[in-house]
Structure formats: structure tokens, C-alpha cells
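Peer 1: Spelled out, the chains give:
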Amino acid sequence: MKALKVLWGLLVDDGRLASILVIALIVAFICAQAGLHFIAGVVIWLGLIVSVWTSVGHQLRLRIKLKK
Amino acid sequence: MGIYGALSSFLGTGVEFIEALTIILAVGAVRGWKSAVLGGLSAVVVLGVLVAIIGAPLVHIMEVRWVQLIVGLFMLLFGIRWLRKAILRYSGLKSLHSEADNYEEELARQQAAGEVAQGIDKFAFATAFSGTFLEGLEAIFIVITFGLSTKSMGPAVMGAAAAFVVIALLGVALRKPLSAVPENTMKFVVGVMLTSFGAFWAGESMKVAWPQGDVSIIYLIATLIVMSFLLVQWIKAALKKSASVDSAQTGVSA
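Chains as they are written, first to last, in the working numbering: chain A, 166 to 233; chain B, 1068 to 1321.
Since the hints were made in silico from the structure, they are not lab data.
Values in this document were obtained by computation on a predicted structure and should not be read as measured data.
Hints are not guaranteed to be accurate.
Said to hold, decoys possible - Listed next, the in silico SDA-like pairs over lysine to any residue satisfying Cα-Cα at most 25 Å (straight line): (1) A:232 x A:222; (2) B:1303 x B:1316; (3) A:232 x B:1303; (4) B:1307 x A:227; (5) B:1101 x B:1251; (6) B:1307 x A:228; (7) B:1303 x A:178; (8) B:1161 x B:1305; (9) B:1303 x A:192; (10) B:1161 x A:204; (11) B:1152 x A:178; (12) B:1274 x B:1134.
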């Protein structure tokens, strides 16, 4: 458990980014199991974009809020 | 038949070796060559031992999907973290000149995790090892498949060995020019590479249908580069707008 916590801390800087990514991977897995192999690929592809965009966008909002 | 087997093996394994080299070069340029090269070489040794002990039945014993899933998730999470940081630096949300602080912070974190020992960067080692192991495993499967199907195992092994030497020499030649690339640019490139490879492998393990197979890695790389560019432009514009609003408000209150 401790090893997992250490690994999680080292790999993940932002929980928002990691959680969106993990959800996208789970959805992709379900799609692939349901035979929607191409859709699964699109879900992973979108997951990458949405997770990074959301995480960086959040940082921007924090910065602007901090300035005010 | 022999030449066909050798050539097919050379081309097939060459692609896998280039992918492994990309990861070793990227990790080596950012985290240190010693750990990255050691990680890559260790994977080669482990694979060599596996082939020597098990031989051709390795194809049936080794479950590539599990290796792809574990390595893919590791690289994806690690890569996207670097990509995010590089975007934050490019856009001005994180200082480009705080590398020394970041290094100290990272070092303290790694030391707390028991990560830095005897000059070996465990992250660099693990990333290079896992990437090389997976690509090497795929290369071995290619050699065994071509060797058995064309009944020319000798030439197929020779073809793979030739590809290995050519790609290794390419790596040595590229090492120096890569060291001259600015740090944040290199981290961005590594982030894009690891995220793309990681997403691709994680998808492969789930039997995702990637358009045109391995070529999808290039599509993923292109998407991440375009997305990063748009994100950086958007943030720069938002920060500029926020700064001008602030200065206007200061002017009004004064």
C-alpha cells in the first residue's frame, strides 16, 4: 500500500488530470470489450486532450484568481 | 527465402528498435544518459536470457498484452506529467528559470521515495528498461514469426542483429546533438513521446483498433503538439488580458 502511495505521488502531479485520464481508459476498455474497438481509440485520444486541457485551464484560473 | 527472412526481420525489428531508441534518447537527454542506457541494456540482457532459456516457445508463454498495459500506463502517467509541466512553463504559468528550485524539489522527493541511490535515477532506469523490454519483446516475436514461417531462423536473427547495430549507431550519433536542445523543449518532447507511446500501448492492451497500427503513434504525437500550441496561445492571451484589466483597474483607483 505504501509503495503504491509513493508511486502514485511520483507519477501524478494533478489529481484532476490523472482522474480524467483513468476514467477515459476505463471507458475505452468498456468500449473495446463491447466490440467498439475504434471508438475505444477515440475515447483514449479525447481523454488525453481533455485531461491536459482541464488541468492546465485549472492552473490558469488559479493564477488569475490569485492576482485578484 | 533466406534473404526474404533477413530483410523482413531487419525492417520489422528496425521499427521496434527505433521506438526503443526514441525512449532511451528522450529519457537520457532529460534525466541522464547513465541510467537510461543502463535501463535499456538491462532490458536487452533480460530478454537475451529469456530467449536463451525458453527459445521459440517464448511467443506462447509471454503475454504481451499485460506487458503493454503495465508499461503503457506507467509511461502515460509519467509522460503526461512532463507534458503538463512543459506547457505550464511555455505559457508562463510556471517560471522557466526555476529549474534549480525544481531540481532540488524533485531530488528531495526522489530521495524521500528512496529513488536516488548510487547515482542511478530509478525513474530513468525504469522508463528505459520497460520501453526497451516491450519493444525488444515485440522484436523477438517478429524474428521468431518470420524465422519459423520462412524456415530461415538464422537469416532472420542476422537481420535483427543488423538492425540492432544500425539503430545503436544512430543512437550514438544522435546523443550529442540532443544534449544541445534547451531543457524545457526536451522535456516537452519527452512528455509528448512518452504520452503517445503510453496511450498507444495501453490501447493495444485493450485491443483498441488504432488506425493504421503503429502509425497512430505519429497521429497521437501530432495531436499533442497541436493541442500544446493552442493551449500555450490561449493561456498567454488570457494572462495578457488579465494583466491589462489589472493595470486599467489600478489606473482608475489611482
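Peer 1: Against the structure shown, which of the earlier numbered hints fail to hold, in ascending order?
Peer 2: Going through the list in order, the structure violates hints 9 and 10 and respects the others.
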